[in-house]
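S.K.: Note that the numbering used here numbers the sequence shown so that position 66 is 204, with each residue one more than the last.
Think of the hints as simulated: they come from the structure by calculation, not from any bench.
Ideal placement from N, C-alpha and C gives every residue a C-beta, glycine not left out.
Honestly, I wouldn't trust all of these hints.
Pairs of lysine-lysine residues, derived as BS3-like cross-links and limited to a Cα-Cα distance of at most 27 Å, are as follows [what the hints assert, rightly or not]:
hint	residue 1	residue 2
1	K211	K200
2	K185	K200
3	K202	K234
4	K217	K202
5	K150	K234
6	K216	K200
7	K200	K232
8	K149	K232
9	K218	K232
10	K211	K232
11	K234	K211
12	K217	K200
13	K185	K211
14	K200	K218
15	K232	K202
16	K232	K217
17	K202	K185
18	K150	K218
19	K150	K185
20	K232	K185
21	K216	K232
22	K149	K216
23	K216	K150
24	K185	K149
25	K216	K202
26	K234	K217
27	K234	K200
28	K202	K218
29	K218	K234
30	K216	K234
31	K185	K216
DEER-style ranges, computed between Cβ atoms [to be verified]:
hint	residue 1	residue 2	range
32	E220	L194	42 to 52 Å
33	D225	I148	35 to 45 Å
34	K232	N145	16 to 26 Å
35	L155	S206	20 to 30 Å
36	N156	T223	17 to 27 Å
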Amino acid sequence: MAEHLCNEQIKKLEHLLNTGIIIENQKKNTIDIGSIVTIEYLDDLSKETFEIVTALEVSIIKNKISSSSPMGKALIGKKKGEILTIDSPTGLYKIKIIDIN
């Protein structure tokens, strides 16, 4: 049974490798998958830096958030200096985009 599951996972990974495309953010002035973003929370002025990634690459430890998360969805396509209101499961909060790399 375990061997069957491993084979299925290998097949899925091979499919992803064979059909995936590399996305390079040519426009560093707007946020997209692969962007490293620094934001400031306007309620307490704390800052946080993270990378916007696909759902397969998410890592809380490495500060990688999904482009399909509430924060990721709100940030995609935005520019440095914009102020956004994020609607998250814990409530609304405002952020300012400080930097994009």
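S.K.: Run every hint past the structure and note whether it holds.
M.R.: Comparing the hints with the structure gives:
| no. | hint | verdict |
| --- | --- | --- |
| 1 | K211 with K200 | 19 Å, holds |
| 2 | K185 with K200 | 16 Å, holds |
| 3 | K202 with K234 | 18 Å, holds |
| 4 | K217 with K202 | 19 Å, holds |
| 5 | K150 with K234 | 38 Å, violated |
| 6 | K216 with K200 | 22 Å, holds |
| 7 | K200 with K232 | 23 Å, holds |
| 8 | K149 with K232 | 42 Å, violated |
| 9 | K218 with K232 | 14 Å, holds |
| 10 | K211 with K232 | 14 Å, holds |
| 11 | K234 with K211 | 15 Å, holds |
| 12 | K217 with K200 | 23 Å, holds |
| 13 | K185 with K211 | 19 Å, holds |
| 14 | K200 with K218 | 22 Å, holds |
| 15 | K232 with K202 | 20 Å, holds |
| 16 | K232 with K217 | 15 Å, holds |
| 17 | K202 with K185 | 15 Å, holds |
| 18 | K150 with K218 | 37 Å, violated |
| 19 | K150 with K185 | 37 Å, violated |
| 20 | K232 with K185 | 12 Å, holds |
| 21 | K216 with K232 | 14 Å, holds |
| 22 | K149 with K216 | 36 Å, violated |
| 23 | K216 with K150 | 33 Å, violated |
| 24 | K185 with K149 | 40 Å, violated |
| 25 | K216 with K202 | 18 Å, holds |
| 26 | K234 with K217 | 10 Å, holds |
| 27 | K234 with K200 | 21 Å, holds |
| 28 | K202 with K218 | 19 Å, holds |
| 29 | K218 with K234 | 8 Å, holds |
| 30 | K216 with K234 | 10 Å, holds |
| 31 | K185 with K216 | 17 Å, holds |
| 32 | E220 with L194: 42 to 52 Å | 27 Å, violated |
| 33 | D225 with I148: 35 to 45 Å | 39 Å, holds |
| 34 | K232 with N145: 16 to 26 Å | 48 Å, violated |
| 35 | L155 with S206: 20 to 30 Å | 21 Å, holds |
| 36 | N156 with T223: 17 to 27 Å | 40 Å, violated |
When held up to the earlier numbered hints, the structure conflicts with 5, 8, 18, 19, 22, 23, 24, 32, 34 and 36 and fits the remainder.
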